[in-house]
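Colleague: Going down the list, the sequences are from chains C, V and W. Going by this note's numbering, the first sequence opens with residue 1, and the numbers climb by one from there. Going by this note's numbering, the second sequence opens with residue 1, and the numbers climb by one from there. Going by this note's numbering, the third sequence opens with residue 1, and the numbers climb by one from there.
Simulated from the structure, these hints should not be mistaken for lab results. Don't take each hint at face value.
Covered by chain V, according to a simulated footprint, are these stretches of chain C (three or more residues, beta-carbon under 8 angstroms) [said to hold, decoys possible]:
#1 67 to 74
#2 87 to 93
#3 109 to 118
#4 186 to 196
Once the Cα atoms are required to be at most 30 angstroms apart in a straight line, the calculated DSSO-like pairs of lysine-lysine come out as [stated by the list, open to error]:
#5 V:Lys47 with W:Lys134
#6 W:Lys768 with V:Lys47
#7 W:Lys184 with W:Lys307
#8 W:Lys109 with W:Lys143
#9 W:Lys768 with V:Lys335
#10 W:Lys345 with W:Lys184
We put the beta carbon where it would ideally sit given N, CA and C, even for glycine.
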Amino acid sequence: MESDNMTRRNFLASTTGAAAVPIAADWLAGSPAHATETMPVQRGDNLANVTLRVNRQTYRLGLDGRTTLLDAVRDHIGLAGTKKGCDHGQCGACTVLIDGQRHLACMTFALMAEGREITTIEGLAGPDGKLHPMQQAFIDHDAFQCGYCTPGQILSAIACVHEGHAETDAQIREYMSGNLCRCAAYPNIVAAIRQAKNNMEGA
Amino acid sequence: MHPFAYHRAETGRQAVDLARSSVMTRAPQQASAQFIAGGTTMTDLMKLNVLQPEALVDINRMSGEPYDQVVETAEGLRFGALVRMAEAQDHPAVVRDYPVIAETLRLAASQQIRAMASLGGNVLQRTRCAYFRETSWPCNKRNPGSGCAAINGMNRQHAVLGTSEHCIATYPGDFAQALIALEASVETLGPKGARRFPFATLHRAPEASPELETRLEPGELIAFIDVPARPWARRSHYLKVRDRESYEFAVAAAAIVLDLDGEIVRQARIALGGVATVPWRASAAEDALVGQRLDEDRALAAAEAAFTDARSYGANDFKISLGKRTLMRALLETKRMEI
Amino acid sequence: MPDNLNGDLNVAVPQPQANMGQPVARIDGRAKVTGEARYAADIPLGNLAYGVLATSAIARGSVRDIRFDDARAVPGVLDIISYGDLEGVEKPTFGNVNQSSIGPLHERKIWHDGQIVALVVADSFEAASEAASKIRIEYVEEKPSASFDSAGVETMDAAGVSALFQEDPQSGDFNAAYATAAVKLDARYSTPTQHHNPIELFSTTCAWNGDRLTVYEPSQNVNGFKHAIATQLHIDPANVRVVSPFVGGAFGSKGPMSPRTAIVAIAARRLNRPVRCVVSRMQGFTTATYRAETRHRIRMGADTDGKIAAFSHEGWELTSRPDAYVVGGTETTASLYGYGAVRTKVSLVKADRSTPGYMRSPPEVPYMFALESAIDELAVALNMDPVELRRRNDTQVDPIKGGRYTSRSLMECFDRAAEAFSWARRAPEPGSMRDGDWLIGWGCASAVYPTNSAPAAARIRLFPDARVVVQTSSQEIGTGIRTVAAQMAAERLGLEISAIEVEMGDSALPPAPVSGGSISTASICSTILKGCDAIRRRIFQAALSDRAGDSAGPFAGRNADDLDLKGGAVVAPDGASVRLTDVLGRGGFGVIEEYAEWAPEGVPPDGIQKLYRGQNAFKSGSGGDRLSFAFGAEFVEVRINTYTREIRVPRIVGAFAAGRIMNPRTARSQLMGGLIWGIGSALHEATEIDPRAARIVNRDIADYLIAVNADVGDVDVILVPEEDSAVNPAGIKGLGELGNVGTNAAVANAVYHATGLRIRDLPIRIEKLIV
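Use the sequences and the hints to build the structure in full.
Modeller: As structure tokens, this is what we get:
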């Protein structure tokens, strides 16, 4: 245990129990560790076995615990359709569906996504290659230019419709504002979502 | 990002135990074990190396209590800390009885983040101060005693209320203002068991110790947030003023709950966002309204009262005026609501 | 924001008017919506190692000591490239392709915030990131100069310092004309530092195969990068291939090559493994280029009828200490209206900053903001409609050198846009239009962009089944160049677009110029046109001698000039027609291949050879005896809350004339994107630099504000038909950057109309409207 960082002030702060964030209490009291804990199996090579369900397929991976779902999907599974635009949850390019809800893959540790159904852009088209109505609508309305934010936009848009947040243009714009598009295809994105909504089941 | 041990808690008790069982090797302000729910704050700050926990306790699967539910009772609404923002924002009781809660949630972040983020984690989010988030700058919150780079720096987004010479970082959340205005309380679970306290006492102004942001004890987690029943909360509203239309933290914000008798204010609750170091109850503004007819002049007087002790630091000088205008506009919009 | 009631109208697909092609859907659309489109950092490589950059925490000084012990101790770390590891690698030379002359690992001197100090390579991204954060650096710090007002900056005349800006345009006696003018304007303006922030992160992936290097990197200039990296590494360019099949947005940021490329190449060579380095969003602010801040002083003298007798435009631009980067937008503003006397001067201010680079409409965005705001101020001073003021100063002749514009539809654009906007309903008095708690303001501005082009090469292959493959190294950055290239080939060869395959984004293909300066459509289409015309000649020759069995063929005795290709057939005016596949089959062709090289008129003879050395001999629309520019007009409505002063833009109308429009769908999208950029440019975007440390403070895409979906209401793009056969063989004027020009001024002018406040310093934010 490092003691060189312990200043008297810090010591006092800890003992008054007024810590800013939760800290383990036993550095003072030396209380014994509790044995009950659950976690993924740690392998000898510092990697953890992580099982992910992506696009209805099961993948068994050996991952650094720090690996985000985004990097797991792209670099370990090889599905490069989900994009990294900022890695800090600020642009929405990494939007995927987790149990049907839109999530940011860059802000999700892969091992926390175990047991959940993950959908990426590659999982949308039918096995015969038929495009999802949202994909088709994006083409019809030129709802992309460079295409980089597009996978995230499409998944976000699908969830937006299912959430019931695509009732008006104003609502679509607001609820799609978590997906940045620097090419500024926004008006075309809104038009595409309007079209797709009409063609989607359960919309 | 530094490596961490990952633990999953199946119950609240276990979460607390897991947090306390982790070995401590660093100074207290750099906690060794952190709880993680939605992860939107945690992963962000870990990637920046602002937080370097040695263990993460995943509390998403805690069961045994309604941590992931919104429960209506005669006493009010009980939000489990694991309820996601997106779920709470559209909950019928929330929308109907506490519109200010619905608005503070809907206007925050993006729908993706709201789908991930838990209410408990949301109220504990950290400041967006750029000097806090970049470890190569001195920062009294991140590194006590090292100085504050914001006070004489680029401080447009920084606070004008609740500041000290050690820290002027803004509390950036929105939901917390609704909880302040509705006088919510918090129930926690910690090494010493459960306890309850007013939400208004959760956050601490920086004063001389900006690293101490809340009154939570080591290994203590938020379990429930209780909002008391308040029929007049149907007339409530959150105004969030930002540079762009969406997906941005508040430049200035106001949560208002008004009990009106015609145009006369019977009761008022006001909380300010985007302008203070903690979720800010504007009691002086409330006092200026009670028993008075709410018109433009009265709204202005309340706004002036709210910012009497405001102090600005250069780039954020405008926040004093904007904060007042935001409060005024929010009051008048709340008054105009059709209930 | 109002709801769009035209749910049935697909406004994204405008119907073509005169001199416009079909609004076909992008041929890479399916790839983009399915995730199949591979960007540079998506391309799978075996045995890939991961590189993460470490960058400086100071802006000026040097690295006294740098320690890697803790970094190397991180499990998985393979190598660290830092000072002393680039032996044998040339420092980059500034200009043309390299973004800067700074070789960050060639010397320990720190020139700017966030300068590269090391590249850590590991077998995982997580290990490389952790290790990069554990590098210990001791600096010798010097007090940096952050921007214009900092102590220690150096100011100099821009003319003559830069190869691209030689002379301050002048004409006549400004002082005399200004002195006697009835109405005078003297105003100063400024624009902030801005960053491109494309959504795709910068990255470099290098893989060696023996002494052959493949670089996967998002690039606007694969051909230029190939030669630039070969030069730096002292290797034969023939052994270098740069691959960039799709680029996730560039806007100029991926045109210059950064020093990162050579560093990653060295890492990959040392390790004998492919290395991928993805630059973080934060690092992207300091290791690539940006739009530098500018200041302006504009003086105008006019008579009471509004004729501008005297115009002076002084500009100040910021650059780095080592590199004189200039945009020199006075070349545009000095020629835009029919001024009397003109005087201009551009000055450069050197500070301790990274070297700026081109960012969407580099000279026009800042300089036209100043001019178009000044025009509006003059209109107010004259109590004249700002559209009318422009009409009175419209010209078909350059006031500086007297050359004529090849075509200029500025006022037609104003008239079309004004009508669509309902400009006539404007109540001119500031603050006189309101909607509840919202002040309404209407403003307008001119858009202008020179018609540039550059030499290019393309290979076109026609197969016996009438499929076509077009190859050129041009870069698809979202403009739709792949699609319009296919359209040009389809049109000239009379085929469906589905028969055309286009290969781009690879330096192994025939060289093409940088995707910048809005040159691509004009240059690539002119090249494809040339190649296809050669193919047509060969087909027609074959058709003329085509025989059906023993009898003379259907075209016997005719002239090749009478023939055409349509609907997959060779056709004659009288209706005679033979399927192309039959002509090819009976003609005994395997593949008809044409390799076309095209250069704009007026480019020196070595222009094409320069292309093969990775250099682009630009022909600029603003040089030469005649001026070639595309024009437009933007009208903007702003709404400003009377209490809290947020500024919102519920509608924009832009009308643009750009010669032949190859594809109205993609053209509209480009212009729409540019208009929306204008909102950001006026209201949101500003890189904040801490003046004490000359360090960027808002270095992520949450704090650097760009427009979100909810910021955008109605954007109406009007394509105005225009014909101009003088600009290039295809009659095309570039428009990718046109919509971005002037829009920021239109917003500022609208803000004035709403509030009576004239904001001359961008961005226009809430605090500037609280008085």
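Colleague: With reference to the structure, classify each hint as holding or not holding.
Modeller: Checked hints:
1. For a cut-off of 8 angstroms, the count of residues in the stretch 67 to 74 of chain C with a CB near a CB of chain V stands at 1, and the three-residue condition is violated.
2. Counting residues of the stretch 87 to 93 of chain C whose C-beta lies closer than 8 angstroms to any C-beta of chain V gives 4; at least three are required, and the coverage claim holds.
3. For the stretch 109 to 118 of chain C, the stated coverage by chain V holds: 3 residues have a C-beta nearer than 8 angstroms to a C-beta of that chain, and at least 3 were required.
4. With 0 residues bearing a CB less than 8 angstroms from a CB of chain V, the stretch 186 to 196 of chain C misses the requirement of three and the coverage assertion fails.
5. A distance of roughly 13 angstroms separates the Cα atoms of Lys47 (chain V) and Lys134 (chain W); the hinted pair therefore holds under the 30 angstroms criterion.
6. Straight-line distance between C-alpha atoms of Lys768 (chain W) and Lys47 (chain V) comes to about 35 angstroms, which puts the hinted pair past the 30 angstroms bound.
7. At most 30 angstroms may separate the alpha-carbon atoms for a hinted pair to count; Lys184 (chain W) and Lys307 (chain W) meet this at roughly 12 angstroms.
8. Distance check on the hinted pair: Lys109 (chain W) and Lys143 (chain W) sit about 14 angstroms apart at the alpha-carbon level, within 30 angstroms; holds.
9. Restraint check for Lys768 (chain W) and Lys335 (chain V): satisfied, since their Cα atoms lie roughly 28 angstroms apart, inside the 30 angstroms limit.
10. This hinted pair checks out: Lys345 (chain W) and Lys184 (chain W) have alpha carbons roughly 19 angstroms apart, not beyond 30 angstroms.
The structure fails to meet hints 1, 4, 6 from the earlier list, while all remaining hints are met.
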